[in-house]
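Student: Chains E and V, in that order, are what the protein sequence lines are.
Under my numbering, residues 16 to 215 are what the first sequence spells out, in order.
Under my numbering, residues 35 to 302 are what the second sequence spells out, in order.
Watch out, some of these pointers could steer you wrong.
To be verified - EDC-like, lysine to aspartate or glutamate: derived pairs with alpha carbons at most 20 Å apart:
#1 Lys239/V x Asp271/V
#2 Lys98/V x Glu155/E
#3 Lys98/V x Glu79/E
#4 Lys98/V x Asp153/E
#5 Lys98/V x Glu55/V
#6 Lys239/V x Asp263/V
#7 Lys98/V x Asp209/E
#8 Lys98/V x Glu80/E
#9 Lys98/V x Asp97/E
#10 Lys239/V x Asp294/V
#11 Lys98/V x Asp74/E
#12 Lys98/V x Asp49/E
Hint data in this document are derived by calculation from the structure and do not stem from the laboratory.
Each chain, written out:
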Amino acid sequence: MSRFSVVPSGDGSPEGTARPVTLEQLLRRSATGDETAFAELYDAVSPRLFGLVRRVVRDPAQSEEVAQEVFLEIWRHSARFDPGKGGALSWMLTIAHRKAVDRVRSAEAARHRDEGYGSSNQDVTHDSTAEAVVERLDAERVHRALDTLTPAQRQALELAYLSGYTHTEVATMLDLPLGTAKTRIRDGLIRLRDTLGVTR
Amino acid sequence: MNDDIHALSGAYAVDALDDAERARFERHLAGCTACQAEVESLFAAASELSVLTEATPPASLRAKVLGDIATVRPLPPLTAPTDQSRDQAGDQPSDQPGDQLGDGADAPPVEQLADRRRARGLSRGWRGLVAAATVAVLAISGFVVWRQVNADPARTIAEQVLAAGDATRTSKTFADGSTATMVRSGSLHKAVIITSGMAQPPGGKVYQLWLQDPTGHMASAGVMPPGPDQVVVLEGDASKATGAGITIEPAGGSGQPTSDPIALFSFA
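In isolation and in its complexed conformation, chain E is listed as follows:
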C-alpha cells in the first residue's frame, strides 16, 4: 500500500491508521485559506509533482518555475476539486503534467529540453527508512505493471507521458503510420490501469 493512493483515497483510507490526514482533507482545509494545511499538502506531494514536472521539463530552473505555478494553481482551485471524479493526487498530478507539457511545447523551452538531465530520480532523498521502503515497493509495483506492456506500447507511452511529446510526434519519431502511436498509448494505458487495479 502506498503512502497515499493515486486512486480513490478519501473513503478508502480510514482515518487514524497509517496516515491521519488524507490529501482530500488537506485540500478541503486549503480551500478555506488554511496555509498550514497547504504546507502539509506540499510536503506530502511535492516529490511526486516536482519529479514529474522535472522529468518532462528537464531544465532545473524551468522545472522549479513550473512547479511553483502548479502549486499556486492547486491552492487557488482547491475548492474545485471533486472527489467524485478521481483521487486528489491524480487531480494534482494531472494539473502538474498539463503545465509541464505546456511549458515544453512553448518555443523558448524547446532550446533547453535536451540540456543535461540524468536519471530522473537520482536526487531523491528520504526522510525515513520506512518511507523509502514503501516508495521502493511502489516503484517496483509500477515497474512490474509496465513490464506487462509490449515494448512498443511502453515506448510510446513513455515518450508521451514522461517526455511530453504528442502522439503525432511520437509516431514520427518511431516511424509509425499516423494513428498507430495513439492506439499504442491507449492500449498501454489500459493495460497499466488493469494491471495496477486502478478503478477510476
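Dock chain V against chain E, hints included.
Tutor: Only chain V this time, still in chain E's reference frame:
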C-alpha cells in the same frame, strides 16, 4: 460513439494531443459518458507512473510556494445555480456544477472542462466557413490577459462572464501571433472577446463582431474599439447563439457580414 475520436482517449489522458485535437476531443467528451469514465481511469493510471520519477524539489521551492499562497485567495467552490435560466430547449440539464477549474485558470483540465460544453454545432452556413478559414481552436492562449482581467476587483459584466461557472472559451491564434479568445456564459446570456496583440484593421476598416442564431442568421454584436488589446462584451443575447465571428467591415460596421470571417468561435 465515434470510434475514431474515441481512440484519442489515451493520448488525451497523457496530454499528447495538439490543441486542435484536444478541443475536438473535449467536445466529444462532453456527450460521451463512456469516454468520460475511460479518461478518468486513464488519468489515474498515468498518474501512477509518477512514482518512477519522484525527486526532492529544491528547498527554495517550498518557500516560494508558501510565499505565493499567502498573497492569493483560493477561489470559491462552484455552487449550483439558484436560477435555472432556460436558454436552450436542446441543452442537457447540467447537474454537475461545471468544472473544477473553470474560472479561466490556465490549466483547463480535461474532462471537467468538456462537461459543460453544449452538444451543439455551428449551423451549416458557418460550418462551411469554418472549414474555409481552417480555424484552429486553441484552448490555451489568452490566459495572461485573462489573469489581468480577473485580478481587477471591480466586477464588470466582462469579469462576471469570465468568472461564470458555465463559461466556455475558445481561442484563436493568428498568423502574427496575436490571439483572440471568446468567452461565453449561457447563464449570464453574454459573450466576451479578449484580444491580445491584434493588428490594426486595414485603413478605414473596423473589426466587427457577430453572433449567429440557430437559424443561421448573423446579428451584429458591435464593432471592436481600436487597439491591440481589448476586452469587449458582445452586444446581444449570447445564450441562444451557436457561434460568434469577427469580420473586417467598413468604418461604422455593416448590417450583415460583407467579408469572410477572420475568426470563428463555436459555442457548441
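Student: Against each hint, give a clear statement of whether it holds in the structure.
Tutor: Outcome of the hint check:
Of the pairs offered as hints, the one joining Lys239/V and Asp271/V is violated, with about 25 Å between alpha carbons and a cut-off of 20 Å exceeded. A distance of roughly 33 Å separates the Cα atoms of Lys98/V and Glu155/E; the hinted pair therefore is violated under the 20 Å criterion. Of the pairs offered as hints, the one joining Lys98/V and Glu79/E holds, with about 10 Å between alpha carbons and a cut-off of 20 Å not exceeded. Between Lys98/V and Asp153/E, the direct Cα distance comes to roughly 29 Å. Violation of the 20 Å bound is thereby established for this hinted pair.
Between Lys98/V and Glu55/V the CA atoms are separated by roughly 35 Å; this puts the pair beyond 20 Å, and the hint is violated. Restraint check for Lys239/V and Asp263/V: satisfied, since their Cα atoms lie roughly 17 Å apart, inside the 20 Å limit. The suggested pairing of Lys98/V with Asp209/E is violated, with an alpha-carbon distance near 38 Å, which exceeds 20 Å. Distance hint between Lys98/V and Glu80/E is fulfilled; the C-alpha atoms sit about 10 Å from each other, no more than 20 Å.
With a C-alpha separation of about 27 Å, the suggested pair Lys98/V and Asp97/E falls outside the 20 Å cut-off, and the hint is violated. Taken as a hint, the Lys239/V and Asp294/V pair is honoured in the structure, with Cα atoms around 14 Å apart against an allowance of 20 Å. Proximity of Lys98/V to Asp74/E is assessed by CA-CA distance (about 18 Å); at most 20 Å being required, the pair is judged to hold. For a cut-off of 20 Å, the pair hint linking Lys98/V to Asp49/E stands: about 17 Å separates their Cα positions.
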